[in-house]
Amino acid sequence: MNSDSFAKFYQGVPAEEVKKFRDFKASHKPKYIDYKGQSVEYYCCGKGEKTILLPPGGGGGLFPPEYNFRTISHFEENYKIIAPGTAPVNKLVDLSEFINMVLDAEDVEKVIILGGSGAGIFGQSYFKRNFHKVEAMILYNTVPPNQEKEKKKWALWLFRVIPAFLIKAIAQKKMTKLTEADVPPEAEARLAFTTASLKEVISTKFAKKSLVSQLEMFFAFNVEDNYKKEDFTDWKGKVLIITSEDDPGYKQVGYLTENLPNNELYTFPKGTGHIPALIHMEKFFGILKEFFDKL
1 MNSDSFAKFY QGVPAEEVKK FRDFKASHKP KYIDYKGQSV EYYCCGKGEK TILLPPGGGG
61 GLFPPEYNFR TISHFEENYK IIAPGTAPVN KLVDLSEFIN MVLDAEDVEK VIILGGSGAG
121 IFGQSYFKRN FHKVEAMILY NTVPPNQEKE KKKWALWLFR VIPAFLIKAI AQKKMTKLTE
181 ADVPPEAEAR LAFTTASLKE VISTKFAKKS LVSQLEMFFA FNVEDNYKKE DFTDWKGKVL
241 IITSEDDPGY KQVGYLTENL PNNELYTFPK GTGHIPALIH MEKFFGILKE FFDKL
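Residue numbers (our numbering): 1 to 295.
Note that these hints are calculated values from the structure, not bench results. Treat the hints with care, since some could be wrong.
Calculated lysine-lysine pairs in the DSS-like style (CA-CA distance at most 30 Å, straight line) [said to hold, decoys possible]:
(1) K19 - K128
(2) K8 - K36
(3) K8 - K47
(4) K238 - K270
(5) K25 - K110
(6) K270 - K110
(7) K283 - K236
(8) K294 - K80
(9) K289 - K133
(10) K80 - K128
(11) K205 - K19
(12) K208 - K110
(13) K31 - K110
(14) K128 - K208
(15) K29 - K8
(16) K128 - K91
(17) K251 - K25
(18) K91 - K36
(19) K19 - K36
(20) K283 - K294
(21) K128 - K47
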């Protein structure tokens, strides 16, 4: 976030919220790893015997890993945290390979997956392929594989032919309207910062090729990554599923509870939509801590 970005995108955001992000950036420096000839950033920070993995995929794959700053800041005193950036891949098997490369570089053998929305999709994909490396998994406000969505693959073709400036305009309109519900006063600053961040990322970091790659993997997830409890018979870990009654994926939560082993479900009431982690952040972090304490 430079001075030009601040003037353009963050003028209406409370200064204290912007300072939290800037302080995080000043005190946490990314690392870089070479993956198939390209340098990809990731964060490795914190301390503790257990490692939390924050998969890429947030904001449709547009958010760099530093936008996990609230989660990292909250848990890094007691946990090691790894947050990979978006790798130049369009296949789920390659995404898993990239994540494993980062984990190997940091000598991490077991992880606790924590992923919501698109990061929750990629978290499930990684878990299916590497559950032996996973101690536990938390999925929040995400969706399971759904083969019915394969019928909508025309949308991927459409994205390939639509000019980049139109895709950017669509993303600006759809992705920056986070909720229509009333937001409690304590969440207004967080919501304002996140909305401004999305606008900045879409305006300055958007790349059609990267977005199409993310969409290719989301569609592949629906076809390749169906799973059932029997696939994980020998797995002794735990799963926490968090959703909201008015989340777009709420009706699909049954797949998660039926097919993920050793799971428990927490449901936020209506009014939190897709973003309970923003609207009720302290409550959300409290739920995570309670789950972590049982591991």
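Against the 30 Å threshold, does the CA-CA distance of K283 and K294 hold or violate the hint? This hinted pair holds, its Cα atoms lying about 17 Å apart.
Does the alpha-carbon distance linking K294 and K80 stay inside the 30 Å limit? The given pair, whose Cα atoms are some 17 Å apart, holds under the 30 Å limit.
Holds or violated: are the alpha carbons of K128 and K47 at most 30 Å from each other? Distance ~27 Å between K128 and K47 Cα, so the pair holds.
Would you mind confirming whether the straight-line C-alpha gap from K19 to K128 stays at or under 30 Å? 38 Å, violated
Within a Cα-Cα threshold of 30 Å, do K19 and K36 meet the stated pairing? 36 Å, violated
Satisfaction of hint between K110 and K31, Cα-Cα up to 30 Å: Distance ~20 Å between K31 and K110 Cα, so the pair holds.
When you check the alpha-carbon spacing of K270 and K110, does it fall within 30 Å? 35 Å, violated
Within a Cα-Cα threshold of 30 Å, do K289 and K133 meet the stated pairing? Holds. K289 to K133 sits at ~21 Å (cutoff 30 Å).
Is the straight-line distance between the alpha-carbon of K91 and that of K36 30 Å or less? 13 Å, holds
Hinted pair K29 and K8, Cα distance within 30 Å: Distance ~25 Å between K29 and K8 Cα, so the pair holds.
For the pair supplied as a hint, K8 and K47, is the alpha-carbon distance within the 30 Å limit? 36 Å, violated
With the threshold set at 30 Å, check whether the alpha-carbon distance from K208 to K110 stays at or below it. 34 Å, violated
Figure legend: structure checked against the earlier numbered hints; hints not met, in rising order: 1, 2, 3, 6, 12, 17, 19.
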